[in-house]
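In the order they appear, the protein sequences are chains A and B.
In terms of my numbering, the first sequence has 101 at position 101, counting the first letter as 1, and numbering is strictly consecutive.
In terms of my numbering, the second sequence has 49 at position 49, counting the first letter as 1, and numbering is strictly consecutive.
Worth flagging that the hints you see were computed from the coordinates, not collected in a lab.
Just so we're clear, the structure is a prediction, and the values are computed from it rather than from any experiment.
Ideal Cβ placement from N, Cα and C applies to all residues, glycine included.
Any given hint might turn out to be false.
Claimed, not checked - The calculated lysine to any residue pairs, modelled on SDA-like cross-linking and capped at a C-alpha distance of 20 Å, are: (1) A/K100 x B/R9; (2) A/K100 x B/T13; (3) A/K100 x B/L46; (4) A/K100 x B/V112.
Stated by the list, open to error - Some chain A residues near chain B, calculated using beta-carbon distances under 8 Å: (5) Q33; (6) L43; (7) H45; (8) L48; (9) A85; (10) F88; (11) S99; (12) K100; (13) F103; (14) Q110.
To be verified - Counterexamples of contact, computed for chain B against chain A with all Cβ distances above 10 Å: (15) S7; (16) T20; (17) H29; (18) N52; (19) A72; (20) G105.
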Amino acid sequence: SQQGEEDPQALSIQEGENATMNCSYKTSINNLQWYRQNSGRGLVHLILIRSNEREKHSGRLRVTLDTSKKSSSLLITASRAADTASYFCATNINTGTASKLTFGTGTRLQVTL
Amino acid sequence: DAGVIQSPRHEVTEMGQEVTLRCKPISGHNSLFWYRQTMMRGLELLIYFNNNVPIDDSGMPEDRFSAKMPNASFSTLKIQPSEPRDSAVYFCASKRTSTDTQYFGPGTRLTVL
Numbered sequence: 001s002q003q004g005e006e007d008p009q010a011l012s013i014q015e016g017e018n019a020t021m022n023c024s025y026k027t028s029i030n031n032l033q034w035y036r037q038n039s040g041r042g043l044v045h046l047i048l049i050r051s052n053e054r055e056k057h058s059g060r061l062r063v064t065l066d067t068s069k070k071s072s073s074l075l076i077t078a079s080r081a082a083d084t085a086s087y088f089c090a091t092n093i094n095t096g097t098a099s100k101l102t103f104g105t106g107t108r109l110q111v112t113l
Numbered sequence: 001d002a003g004v005i006q007s008p009r010h011e012v013t014e015m016g017q018e019v020t021l022r023c024k025p026i027s028g029h030n031s032l033f034w035y036r037q038t039m040m041r042g043l044e045l046l047i048y049f050n051n052n053v054p055i056d057d058s059g060m061p062e063d064r065f066s067a068k069m070p071n072a073s074f075s076t077l078k079i080q081p082s083e084p085r086d087s088a089v090y091f092c093a094s095k096r097t098s099t100d101t102q103y104f105g106p107g108t109r110l111t112v113l
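Produce the complete structure using the sequences and hints provided.
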């Protein structure tokens with residue numbers, strides 16, 4: 001079953017605006033990652049935040065993590081048309097011998113000119 | 001540096017036929033993952049390997065699916081016999097054991113008629 005549920009399922013904004021996507025998950029995690037998928041392509045890693053971190057930045061990306069609420073958010077500032085893609089959160093659970101990701105349902109972002 | 005390589009990129013076959021998908025992970029990566037992506041079920045982990053050994057195949061839908069990793073630079077996912085409900089995009093991803101970031105291939109779009 002899906003570990004992460006993302007909200008909203010789809011988001012349409014204009015270029016220059018900020019886009020915020022949310023992710024909720026169910027179990028304790030080691031870290032949470034965000035990936036981007038352009039149409040017809042594979043997923044590309046964007047950013048990783050560890051369970052003991054609360055906020056992380058990378059360029060125009062800002063990720064927050066609230067382990068008490070089991071939720072994370074991805075903020076893309078000053079969006080561009082090239083940011084149009086689907087965005088997935090993925091939770092990492094490390095069981096010692098295994099380290100695997102469970103992906104959320106994704107948010108489809110459309111940035112228009 | 002080459003990324004994860006998958007072949008074929010597209011496969012159209014008829015129900016009952018055997019399908020073999022191939023993956024070459026990034027050199028030096030010793031964990032390999034097979035995922036399936038559909039509109040209905042999202043991105044699902046099918047199986048993953050550490051150092052060529054299958055660690056968790058709980059996501060493999062049924063006995064018609066099998067995966068092998070005969071060496072560190074090659075893996076196959078086989079479906080025999082194929083069914084229309086197997087139609088999906090199949091992704092291979094790899095990573096180093098010491099990290100949690102996965103690198104995805106471009107995917108194989110499988111259509112079973």
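Quick rundown of the hints versus the structure:
Distance restraint check for A/K100 and B/R9: the Cα-Cα separation of roughly 25 Å exceeds the 20 Å cut-off, and the hinted pair is therefore not satisfied. Proposed proximity of A/K100 and B/T13 is contradicted: the alpha carbons are some 31 Å apart, above 20 Å. Taking the CA atoms of A/K100 and B/L46, the gap is about 11 Å. The hint holds against a cut of 20 Å. Our distance criterion of 20 Å between C-alpha atoms is broken by A/K100 and B/V112, whose separation comes to about 29 Å.
Interface restraint check: A/Q33 against chain B, minimum CB-CB distance 7 Å, threshold 8 Å, status holds. Evaluation of the A/L43 hint against chain B yields a held restraint, the C-beta minimum of about 4 Å falling below 8 Å. Taking 8 Å as the C-beta cut-off, the interface hint given for A/H45 holds, the closest approach to chain B being about 5 Å. For A/L48, the interface hint holds, since its Cβ comes within 8 Å of a Cβ in chain B; the closest pair sits about 6 Å apart.
Below 8 Å, beta-carbon pairs count as interface contacts, and A/A85 has none with chain B, the closest being about 13 Å; its hint is therefore violated. At a threshold of 8 Å, the smallest CB-CB gap from A/F88 to chain B is about 7 Å, leaving the interface hint in force. Because the smallest distance between the Cβ of A/S99 and any Cβ of chain B comes to about 6 Å, under 8 Å, the interface hint for this residue holds. A least Cβ separation of about 6 Å between A/K100 and chain B falls short of the 8 Å threshold, and the interface hint therefore holds.
Given hint, A/F103 at the interface with chain B, holds; its Cβ is 4 Å from that chain's nearest Cβ, closer than 8 Å. The beta carbon of A/Q110 is not positioned within 8 Å of any beta carbon in chain B (closest approach about 17 Å), and the interface hint is therefore violated. Under the 10 Å C-beta cut-off, the non-interface status given to B/S7 relative to chain A holds; the minimum distance is some 14 Å. Every CB of chain A lies more than 10 Å from the CB of B/T20, the least distance being 19 Å, so the non-interface label holds.
The non-interface label for B/H29 is consistent with chain A: the shortest C-beta to C-beta separation is roughly 13 Å, beyond 10 Å. Residue placement check: B/N52 keeps its beta carbon more than 10 Å from all beta carbons of chain A (closest about 14 Å). Residue placement check: B/A72 keeps its beta carbon more than 10 Å from all beta carbons of chain A (closest about 18 Å). In this structure B/G105 is not separated from chain A by more than 10 Å, as the shortest Cβ-Cβ distance comes to only about 5 Å.
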